[in-house]
Amino acid sequence: MATQLATHIVTFQLNGRPHAVTVAPLTTLRTALREDLHLHATKAGCGQGGCGSCTVLLDNELVLSCLVPVTLVDGRSVTTLEGIGGPGRLHPLQEAFHDHFAAQCGYCTAGMIMAAKWLLDRNPNPTRAEIQMALAGNLCRCTGYVPIIEAIEDAARRMSKGVKR
Amino acid sequence: MSTTAFFVPRTVEQAIDLKREHGKNLVVLGGGTIVMGLVHDGLLFPKLAMSLARAGMSDVRRRDGWLEIGAATPIARLAALKGATTLERAAGMLGGPALRTLATAGGNLFAKAPYGDMCVPLLAMDAELEIAGAGRRYTVPLEQFLSRRSLKNDELVVSIHVPKAQGRGAYLKLGRRQANTPSVVAVAVQAVLDTNGKCTDVRIALGAAAPQAVRAKKAEAVLIGRRLEDATIKAAAESAQAECNPATDSLASAWYRREMVGVFVHRALDELGRST
Ligand SMILES: Cc1cc2nc3c(=O)[nH]c(=O)nc-3n(C[C@H](O)[C@H](O)[C@H](O)COP(=O)(O)OP(=O)(O)OC[C@H]3O[C@@H](n4cnc5c(N)ncnc54)[C@H](O)[C@@H]3O)c2cc1C
Ligand code: FES
Ligand code: FES
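Taken in sequence, the protein lines are chains A and B.
Using our numbering, the letters of the first sequence map in sequence onto residues 1299 to 1463.
Using our numbering, the letters of the second sequence map in sequence onto residues 401 to 676.
Next comes chain A alone, as it looks inside the complex (with noise of 0.2 Å):
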């Protein structure tokens, strides 16, 4: 059994690398992120598994990361929007969200990408509804939804063109 007591050791894969995080017991993955790995892509919100800003992939699973204590991700694979492209490399869902506006004050994206590239790793060419039901869990005060839901649409499309070519 892992007893976890006071402040302990977790190591896990970030991004395709390594890392270690030295947290105190139920510190949860969104601070390990934001607040010893100093990733700031993943927001904190609510604090509530309500808002959506937090979300990362765990295992390439979606998880909201303000509820998952760090110490259960011990030997497991997260990926944030670090992970999936940057400034010179962006994925075609950040290419697109640029293109379409779909970023407002920008504090849900890391999160609507996040839930956006959980659905087209699954469905390459989802349906309006479909993208809608991925997005039930985050929420954006700016934009309207409509503009990130075209831009995901047009991800769709530029991947799999991508895939084609």
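No lab work stands behind these hints, which were simulated from the structure alone.
Treat the hints with caution; some may be incorrect.
[Claimed, not checked] Here are the computed distance ranges between Cβ atoms for each label pair:
1) Q566/B to G1384/A: 52 to 58 Å
2) G1404/A to S650/B: 25 to 31 Å
3) K424/B to T1305/A: 23 to 29 Å
4) E659/B to C1403/A: 38 to 44 Å
5) K552/B to H1317/A: 37 to 43 Å
6) A642/B to K1459/A: 58 to 64 Å
7) A647/B to G1442/A: 31 to 37 Å
8) G1442/A to S653/B: 25 to 31 Å
Heads up, the beta-carbon is just placed ideally off N, CA and C, and yes, glycines get one too.
With the hints as your guide, set chain B with the ligands onto chain A.
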């Protein structure tokens, strides 16, 4: 005050031992989707915490026609089952995709109304809970458990046992939007109709219509021995409406919930009457 230890037991026995040793001081996390929110809000200060995520309680098995759902099984697993039952439908409509990865079936048994959606089809299917404590294991009907929802200090819910669904099932959930929303009301019905279309067995369960999921037994009694015809359905829906005990909260008033219990029991029975 901070948490001094977080236990991740690898077996049910280890989890029970920890419960026996630490009792009420040990906060149990299924998926933690309720517990972690309380911690962040400063409403819960666990001195000790334990996750059931690695305790070998996350499997779904079929045995003698029964479905045995480990208490720590994520809702997403249930949504992906291929049995075409109301369980899958309810699981697929609970929260959003990221929440479903984390939230567990066992945790849902303890969720206060308007949450507790899984209890609704589980009640309609007459599920039982397997509870384990130091040196004992026993089963209780879900309905009996829900009336008190209390366990002894050393006890955990280990699994949920669901008998093979008899007859036809329907599950409907009304929320304030189409997805990721608590229930205004939820209704599950499981009914057996004989060759003449007469109802020989029926269970109607209501969610968000009382502090915990409840059966609408007077409405069930209206249906027994009758065909699912308009007048009968209307009488059953009115009965369910009269016997439920909903609360007012930020989503809906008690009055509106009671109205919607009538509407949704009616719709669920209509759906059953039409399906073959
Ligand atoms: C954004 C959001 C949306 C939600 N939407 C819904 C919804 O649509 N429908 C709905 O019903 N709920 C909803 N919920 C509430 C909650 O996520 C679910 O009810 C979930 O199933 C709770 O399970 P959990 O394992 O995460 O609970 P936890 O937080 O882990 O536990 C809840 C309680 O149960 C106890 N417990 C857990 N497992 C066991 C066990 N095996 N034995 C003994 N005690 C145990 C814990 O000690 C705790 O007291 C939502 C929550 C959020 C944050
Ligand atoms: S910060 Fe995690 S869901 Fe809002
Ligand atoms: S862009 Fe501001 S919350 Fe979505």
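Going through the hints against the structure:
no., hint, in the structure
1, Q566/B to G1384/A: 52 to 58 Å, "holds (55 Å)"
2, G1404/A to S650/B: 25 to 31 Å, "holds (29 Å)"
3, K424/B to T1305/A: 23 to 29 Å, "holds (25 Å)"
4, E659/B to C1403/A: 38 to 44 Å, "holds (39 Å)"
5, K552/B to H1317/A: 37 to 43 Å, "holds (41 Å)"
6, A642/B to K1459/A: 58 to 64 Å, "holds (60 Å)"
7, A647/B to G1442/A: 31 to 37 Å, "holds (33 Å)"
8, G1442/A to S653/B: 25 to 31 Å, "holds (29 Å)"
Checked against the numbered hints given earlier, this structure breaks none of them.
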